[in-house]
Amino acid sequence: MSNEVRRFSHGSRVPGWDDAVDLTKEPASVPDPATTPVPDELRAEIEAAMAKYPDRRSAALPALAAAQRHHGWCSPEAIEQVACVMRLTPAYLTAVATFYDMFDTQPVGRHRVYVCTNISCSLRGADELCERIEQAAAGDPDISVRHFECLGACDIAPMASVDGVYVGPIELDEVDELIDDIRNGRPPLPRKQLRLRPTADSLPLDGKDNG
Amino acid sequence: MEKLLFKDIDEPGLNTIDVYRRRGGYERLRKALAMPREAVLNELLASGLRGRGGAGFAMGKKVSFLPKGAMDVYLCCNADESEPGTFKDREIMQKNPHLLIEGIIIAAYAAGANKAFIYIRGEYVLQADILDAAIAEAYAAGFLGENILGSDHSLSLVVHRGAGAYICGEETALLDSLEGKRGNPRLKPPFPANQGLYQGPTLINNVETLSTVPFIIEMGGEEYAKLGVENSTGTKLVSISGHVKRPGNYEIELGMRSRDIIYGLAGGPPDGRKVKLWFPGGSSSPVLTGSDEDLDLPYDFDTMAKAGTMLGSGAIIVVDDSTSVVEVAYKTAYFYRHESCGKCTPCREGTNWTLKMLDRIRKGEATPMDLDIIASVCENIMGHCLCVLGDAMAMPVSSMVKKFRAEFEEEIERRRQEADLASAMPEPELPLIQGAVA
Numbered sequence: 062m063s064n065e066v067r068r069f070s071h072g073s074r075v076p077g078w079d080d081a082v083d084l085t086k087e088p089a090s091v092p093d094p095a096t097t098p099v100p101d102e103l104r105a106e107i108e109a110a111m112a113k114y115p116d117r118r119s120a121a122l123p124a125l126a127a128a129q130r131h132h133g134w135c136s137p138e139a140i141e142q143v144a145c146v147m148r149l150t151p152a153y154l155t156a157v158a159t160f161y162d163m164f165d166t167q168p169v170g171r172h173r174v175y176v177c178t179n180i181s182c183s184l185r186g187a188d189e190l191c192e193r194i195e196q197a198a199a200g201d202p203d204i205s206v207r208h209f210e211c212l213g214a215c216d217i218a219p220m221a222s223v224d225g226v227y228v229g230p231i232e233l234d235e236v237d238e239l240i241d242d243i244r245n246g247r248p249p250l251p252r253k254q255l256r257l258r259p260t261a262d263s264l265p266l267d268g269k270d271n272g
Numbered sequence: 004m005e006k007l008l009f010k011d012i013d014e015p016g017l018n019t020i021d022v023y024r025r026r027g028g029y030e031r032l033r034k035a036l037a038m039p040r041e042a043v044l045n046e047l048l049a050s051g052l053r054g055r056g057g058a059g060f061a062m063g064k065k066v067s068f069l070p071k072g073a074m075d076v077y078l079c080c081n082a083d084e085s086e087p088g089t090f091k092d093r094e095i096m097q098k099n100p101h102l103l104i105e106g107i108i109i110a111a112y113a114a115g116a117n118k119a120f121i122y123i124r125g126e127y128v129l130q131a132d133i134l135d136a137a138i139a140e141a142y143a144a145g146f147l148g149e150n151i152l153g154s155d156h157s158l159s160l161v162v163h164r165g166a167g168a169y170i171c172g173e174e175t176a177l178l179d180s181l182e183g184k185r186g187n188p189r190l191k192p193p194f195p196a197n198q199g200l201y202q203g204p205t206l207i208n209n210v211e212t213l214s215t216v217p218f219i220i221e222m223g224g225e226e227y228a229k230l231g232v233e234n235s236t237g238t239k240l241v242s243i244s245g246h247v248k249r250p251g252n253y254e255i256e257l258g259m260r261s262r263d264i265i266y267g268l269a270g271g272p273p274d275g276r277k278v279k280l281w282f283p284g285g286s287s288s289p290v291l292t293g294s295d296e297d298l299d300l301p302y303d304f305d306t307m308a309k310a311g312t313m314l315g316s317g318a319i320i321v322v323d324d325s326t327s328v329v330e331v332a333y334k335t336a337y338f339y340r341h342e343s344c345g346k347c348t349p350c351r352e353g354t355n356w357t358l359k360m361l362d363r364i365r366k367g368e369a370t371p372m373d374l375d376i377i378a379s380v381c382e383n384i385m386g387h388c389l390c391v392l393g394d395a396m397a398m399p400v401s402s403m404v405k406k407f408r409a410e411f412e413e414e415i416e417r418r419r420q421e422a423d424l425a426s427a428m429p430e431p432e433l434p435l436i437q438g439a440v441a
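Residue numbers (my numbering), protein chains in the order written: chain S, 62 to 272; chain A, 4 to 441.
It is worth saying that the hints were derived from the structure and are not from the lab. Hints may contain errors.
[As the list claims (entries may be wrong)] As a list, the in silico SDA-like pairs of lysine to any residue whose alpha-carbon atoms are at most 20 Å apart:
1) A:LYS248 to S:PRO259
2) A:LYS248 to A:PRO273
3) A:LYS184 to S:PRO259
Here chain A stands alone, though its shape is the one from the complex (with noise of 0.2 Å):
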């Protein structure tokens, strides 16, 4: 398969304007902009490009959703990135910041927005201080600024470091977060297509996404829609992680086997141990097993979603056989806790309830009532709040209570005998003894 994203991607100087455009950086811009915005916009569409962020939405009908008329409209890209187990938009900002920029201003142009921002979460120093330097490099060459190669299309794009909060990743959150406010999700609708950034209509979208578009631009939507599957067109970054003998980041046409890339590109578990279970899309995504019904599945958007779970950011996480289900199982409700805006209560409280019952599982306080309880705690967080972050726990913790019930029993009863309690396993019915009732 030919890179497209990653092509040549460790290049020395590929973050510099000089070396980007001697490599035909910035070419596809000017081809865009001599054609009407009404024809960038149908290459979008034609392409199938699928939203790279998390909820995979078309993003070429994301812009066409935007109102048309005369008002200022905005494009945020979101490189919040703090999706536990993701780290792909980093590798494009920090090795190829012009191609991000170059993908801000054409689908600016799509869009019909003047004003650009970037939401870079505030931990990526190195990245934000890149792309401020990037920009910078963009404006003295004439590609952002006041008519932009001549044409009537004029951009601003200004780098908004964050300050440390997943939410912000969520896009009301972020655009609350942009404002200067506490980032707390909004009610949807209305949606930020039609009122987003300063009530005005928003495009919002994921630094892979917008990274995207120059190559749909310089093949032809069609052209690009032959990549990858049906409804999944393209290529992918999916960033692999835990315990995989070669973690990273690696591009791959949508489709491929998920073994292949789990065992293939990233070497699979160290010392020979077995896959137990894995998140196949970022530690929101609920969990799929190590066997090989699940590994075999082919790694695109539709197949993901078939198998009750998600494709999510492309974040693979793999967890081997030597580590507790419980303790990941800890991990994930641990983080969606502290992470929790505050704002809706099913969210604010289970997420809360949650972590309290797994810590009493590794206690040794725990009865395997508790594991029901934990699934009907995260039944009543699902759908129930403003944004998917409460979802986002409830997903994966109940998912892993699901398929892993046997391990958790086991676990709850391992845990109690070490803390001195009597087993919490019902005993097993004893049979009635006709005319033994006293």
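Just chain S, same shape as in the assembly (with noise of 0.2 Å):
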């Protein structure tokens, strides 16, 4: 063993910041309309997501949500539109996009899988079907697979989110075809969705097992 003290990568010898602040900058004020482009598409979601509370500021999440739509990821370009259209400096409106889980503040792909990894899915394997969606989609820049934390849907466990539509229960050799879907467009696995399955409570309780 070595008598060098383990330092991270930011040099200290404690964890901190995951990114480091620029100190030399200027902190950012609200931009500029002038000098801040903003597409029109987007501006106008903003604005009529602004409309509909008594306070501007509540539309922080549904005008970031768009800004994501728009630009793929809430990107720092993507957060000074936001700002600049809602009057908000773009250090508070990072603050709000770091928070949650569904705002990516780094690139990601074109689609978004979440894998639910929670108590009930990994009870059904969900540990495992994440790996091997993590492996088959490994490669392709258009897909971002994710474990996430639990999405509702503990009665198809194990599931997946793909873009907002809620599969399961996933089988390890559907995989392939899930990718497939995803990757060509399609909607992922048609006959696993939960939008088309029936309430447990009104089946048949002699019927067949639906786990």
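Take the two lone chains, each set in its own frame, and fit them into one complex as the hints suggest.
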């Protein structure tokens, strides 16, 4: 064992922020509309969201979601555009965006696949499923796979959310088909989608197991 | 038992206003608006309806706490539903959105609220789209907007989509998130009934609670209270998941025997395996075991509280004997560590350290002393934070350590052997031999 003190990548002995702050830069103020071009479509969407609430700041989440749809992720540019329309500082919106799991502050693929690995899903093999899906999509810049906390669909465990569409239960041998569907822009595993599933309570009790 | 919330839930087109009205929808609203506000509130009080979101607070009482006077009163429907194991609200919103909307309008009338929001978790894309469409239909039919059905009651309703944060199901964090901030819980008091959304009086209720309101108006509060058992009135949706043959949502009358839910409705564990433990009310509730004593408990608020756990959101997660309790504890702690907002130190650090110790067990580096430290960390989290997220990890994890201590110790030994480490169990004490002291 060497006597050298172990240090984190930012040079300190204690873990700190993942991204160092550039202290030489001036803090960003509310962007000037004259120098911040915002796509008309995005501006209209943000303004419509602001009009729904008594306080325009309430539209921060819908506005960031709109910007993410528009830009693919919450890039600094996207956040600046939202800040410009909402008259907030980019720092405020960055703080909000980094809090929520569904806002990506790093570039991601066009297709987001969330695999639930919470208790109920992992009891039914979600950890292995998540690994398989990650392997199957490896190297494809279009598909971002990540494990996610409970997605609220434990009845179809193990499940995944593909661009917001809930699919499950996914068998291990269906993984290739699922990735194929995503790559070719088809609806993911249509026969396994949650929206088609009847409520368990309305099925006859002596019916076959649905798990 | 006659179904209320799940009556004909799979009827095609029930999510459209035409089918819903053909089945008597919005007639309860008409009836409520013809009554004075106080009479509607009295029906809610008489029904004894307890909140279905997790805390189980009497809904009528919550409404009665709102101050009277000319001011903006808000109603927030909590549709964040992020508690692991819970998926009942999803079913209502997806298949019968107008029932929820009707319930919101009636509850808002009783509370004197004129602005309502549905805070739905961002992951529920389909359900939020269905709600948006249903609300547009309700506006067009005159059930929302100014002077509903010619009365003096006006209400606007907006669907607000979250963006993936468990903590936003906590009522004050939900309000912060709805105000466009990071979802951090607030100090209580003041409670939301006095100072909530935009500092105004706010009523916050769960989807299932609000969806029950039309039935209370239809049947009358006292008639509704005859369902279920004392102090736990009415029907309840239970979401059963994990190791059962038929996972899904079931509507039961409160007070049903737990065994009949787990085995009767959900079919019990597959392949003839036995129930090892079960969470009676989502992953935040202390676990119960597969013993006959626990399985025979009636499923209602008070019995669960007496058994040292809680009914919570009504989400039963069944774990059978093929799974290690260490893995279940690890998954539970992992979730809460990820979702802790970081505002209060006991929760932020406590969830982190608990997870690290459980990971030590999995890696074969732990000793039985770690179990005592876990118990003491959990004890130091409970009751020391602004909200109950930390408690929600501490309660189930410490209950698992307490009830399955022997298995934890066995697992520690087994994993240590696998990692080629010496046994961590204390050597049996040698008898002291007189005169042998050097």
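Now for the hints, and whether the structure bears them out:
| no. | hint | result |
| --- | --- | --- |
| 1 | A:LYS248 to S:PRO259 | holds, 16 Å |
| 2 | A:LYS248 to A:PRO273 | holds, 6 Å |
| 3 | A:LYS184 to S:PRO259 | violated, 37 Å |
Comparing the model with each numbered hint stated earlier shows that hint 3 is the single one that does not hold.
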